[in-house]
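Fit chain X to the supplied structure of chain S, relying on the hints for placement.
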Amino acid sequence: MLKRIRESKAAQGTLLALPTTFWLFFLLIIPLFLTLVISFGKRSPDGDVIYTFSVENYVRLFGYSTDCPDGQASCFDPLYVQILWRSLTLAFNTTVLVIGMAYPLAYFIARAHPKRRNMFLFMVLIPLWTNFVIRVYAWMMLLRKEGAINIIIGAVAHFLHIPFTPFEMLYTPGAVLVGMVYEFLPFMILPIYTSLEKIDNSLYEAAADLGANAVKTFLRVTLPLSMPGVVAGTILVFIPVMGTFIVSDILGGRQVILVGNLIQRQFLDARDPTFGSAASLILMVMTLIVTYFYTRKFGFGEEIIVA
Amino acid sequence: MNPFRRSPFVIVSAVLVYIFLYAPILGLVLYSFNASRANVTFEGFIPAFSDRVVMDGSLVKSSPCGPFHWYCDLAKNDDVAEAAGNTLTIAFIATIVATVIGTMSAIALQRYDFKLKPFSQLALYIPIVIPEIVMGIGVLTLFSQLFGWVNEVFNLSGDARLSLGMATVTISHIAFMVPFVTLVVQARLQGFDKSYEEAAMDLGANEWITFRRVTFPMILPGVMSGALLAFTLSLDDFVITFFTNGPGSTTLPIYVYGLLRRIITPQVNALSTVWILVVFTAVLTLQILQNRESKQHS
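Heads up: the sequence lines are chains S and X, in that order.
So the first sequence is numbered by our numbering: it starts at 1 and just counts up by one.
So the second sequence is numbered by our numbering: it starts at 1 and just counts up by one.
So here's chain S without its partners, still in its complex pose (with noise of 0.2 Å):
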């Protein structure tokens, strides 16, 4: 056996990889399979799982309601859809955001002297280092009636004499939104650095040679160039966007439902796993659909890793 495993370079890599790919086996693939089978089953009245073959949580999740208002035996409850379609909105919104503020500072630290380059990206890492939860509870300060964002609009307002009463902006969509943007604006930053960083200097002399302006050099080189960090970004914010529940939790209230949200209710105070089962298979076709489709136009850049 030893003699063997000295002899053959194939046993020897399965041997190097076995434990890895052991625990992703039964951390990843199994969890990922079970869901799918108790996605299909029903709950038992105390909340257990009856094992059968069920479609009956995902008629549910698309809008098949037992529960209607006129004594109809069954109705559209555009409930889950209205759910699913704020969480892919809201993605996609905090997406757009983040590109639009990472873009300017990722390009600001790209193009500042080699020296103070790492000083600038330290600079993105350390809120990213204090923890996910501390950054909600910090966004709950400002956006209070009685926060920090009031009291300046309000004073701003009293020097140009104009009337303002603080208003409760805490338990909106707009807080769900900057919330997001702000857990994930450093994932976007760091892989738009990495990709510019990489653009050779000479491309822009060139550029500038053959009489290109800042605008049309920018369009031309730069952008082209740095699509695979927008790219690789744009997958690191999407994805968790559409599955975080605490942000939603602390800043939307019981106002604002995503579908993360929607999720661990079912397994926790709702008590019904297989319903929310079929909700996180749903919410992982999604994210893959739209990764899939996203990476294919644009491609996968190993700016993935850097972050």
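Misleading hints may appear alongside valid ones.
To be verified - Residues from chain S that keep clear of chain X, each with C-beta distances beyond 12 Å, as calculated:
1. Lys-3
2. Gln-12
3. Lys-42
4. Arg-60
5. Gln-72
6. Tyr-107
7. Lys-145
8. Ala-157
9. Phe-159
10. His-161
11. Pro-163
12. Phe-245
13. Asp-249
As the list claims (entries may be wrong) - Label-pair restraints from in silico Cβ distances:
14. Pro-45/S - Ser-163/X: 17 to 27 Å
15. Phe-298/S - Met-55/X: 26 to 36 Å
16. Gln-255/S - Glu-82/X: 29 to 39 Å
17. Glu-43/X - Tyr-292/S: 47 to 57 Å
Claimed, not checked - Okay, derived cross-link-like pairs now, BS3-like style, lysine-lysine, Cα gap no bigger than 25 Å in a straight line:
18. Lys-117/X - Lys-3/S
19. Lys-216/S - Lys-297/S
20. Lys-115/X - Lys-3/S
21. Lys-9/S - Lys-76/X
22. Lys-117/X - Lys-9/S
23. Lys-61/X - Lys-9/S
24. Lys-61/X - Lys-76/X
Keep in mind the hints are simulated off the structure, nothing from the lab.
Only a predicted model underlies this, so the values are computations on that prediction, with no experimental measurement involved.
Don't be surprised by glycine CBs; every beta carbon is placed ideally from N, CA and C.
Just chain X now, kept in the frame of chain S:
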């Protein structure tokens, strides 16, 4: 053309984004000195030192720690100490296991050909392309179904019953950290010059000595950055921990989340501030050490 020239638009937007990144954190730190226990508005600093805490309604008038009242309050909080201990224990164990097996598989994937290779490589991308909550509830389902079955079959009762706790959190953390470690080490191995190893072999070193004396020291920086990434992922993790923790395995993010849903005193801000300072100091020290090392080598 000056390669470092940036338009005013870029500079102004960069400054604005930095303000956006830092303003919430500065606010958080400021409120950790709030005299108001209700912590809704900032009512000024705690003005005086005294032998015992003097309150006026919800305002702290004086305290043995003065303006640092909430930090002393935090130090007396046993729940925080326990959560901090749990967080570090989980992060240390999970990082060590994930780094060792992740490095092994990175070497395997980069250097060897074997039947499982396409599967192993593909599995690494799962945690990147699938939302964490999907993995979280998957692992929760696995553990609850498995434990339910084991408890029933072996007729376990009381403390012998398998349940969620430190072990389930640590095992799950390893699962989502391993792919990141592997990818980081693999990236490092890609630029590896094989001629050093060949030279060692030519000089009569066997495979193990070559690995220990040549290969390993050369990939060590990659392994270290993989380990550091794994450690920070574990410290920061909320979702996976949320679904796999049980009694006695509360981590700091879970603890803070619990507080946010109840009454929030400036103690939460003090905890956040300490957290930020610890992470900042640790990372800065590592950065300086790394810079010094790379200067020595060049």
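A quick look at each hint next to the structure:
1. Lys-3: 14 Å, holds
2. Gln-12: 6 Å, violated
3. Lys-42: Its Cβ never comes within 12 Å of chain X, the nearest being 15 Å, so this holds.
4. Arg-60: 18 Å, holds
5. Gln-72: Given a closest Cβ separation of 33 Å, the condition holds.
6. Tyr-107: Check fails; 6 Å does not lie beyond 12 Å.
7. Lys-145: 9 Å, violated
8. Ala-157: 18 Å, holds
9. Phe-159: 20 Å, holds
10. His-161: With a cut-off of 12 Å, His-161/S remains clear of chain X, as the shortest Cβ separation is near 24 Å.
11. Pro-163: Label holds. Min Cβ-Cβ 21 Å, cutoff 12 Å.
12. Phe-245: Not fine: 7 Å to the nearest Cβ puts Phe-245/S too close to chain X.
13. Asp-249: 8 Å, violated
14. Pro-45/S - Ser-163/X: 17 to 27 Å: 23 Å, holds
15. Phe-298/S - Met-55/X: 26 to 36 Å: 59 Å, violated
16. Gln-255/S - Glu-82/X: 29 to 39 Å: 34 Å, holds
17. Glu-43/X - Tyr-292/S: 47 to 57 Å: Holds: the Cβ-Cβ distance is about 53 Å, inside 47 to 57 Å.
18. Lys-117/X - Lys-3/S: Between Lys-117/X and Lys-3/S the Cα gap is close to 22 Å, so the pair holds against 25 Å.
19. Lys-216/S - Lys-297/S: 24 Å, holds
20. Lys-115/X - Lys-3/S: 20 Å, holds
21. Lys-9/S - Lys-76/X: Given that 25 Å is the threshold and the Cα spacing comes to 57 Å, the pair is violated.
22. Lys-117/X - Lys-9/S: Judged against 25 Å, a Cα distance of about 13 Å means the pair holds.
23. Lys-61/X - Lys-9/S: 73 Å, violated
24. Lys-61/X - Lys-76/X: 20 Å, holds
Hint violations for this structure: numbers 2, 6, 7, 12, 13, 15, 21 and 23, all remaining hints satisfied.
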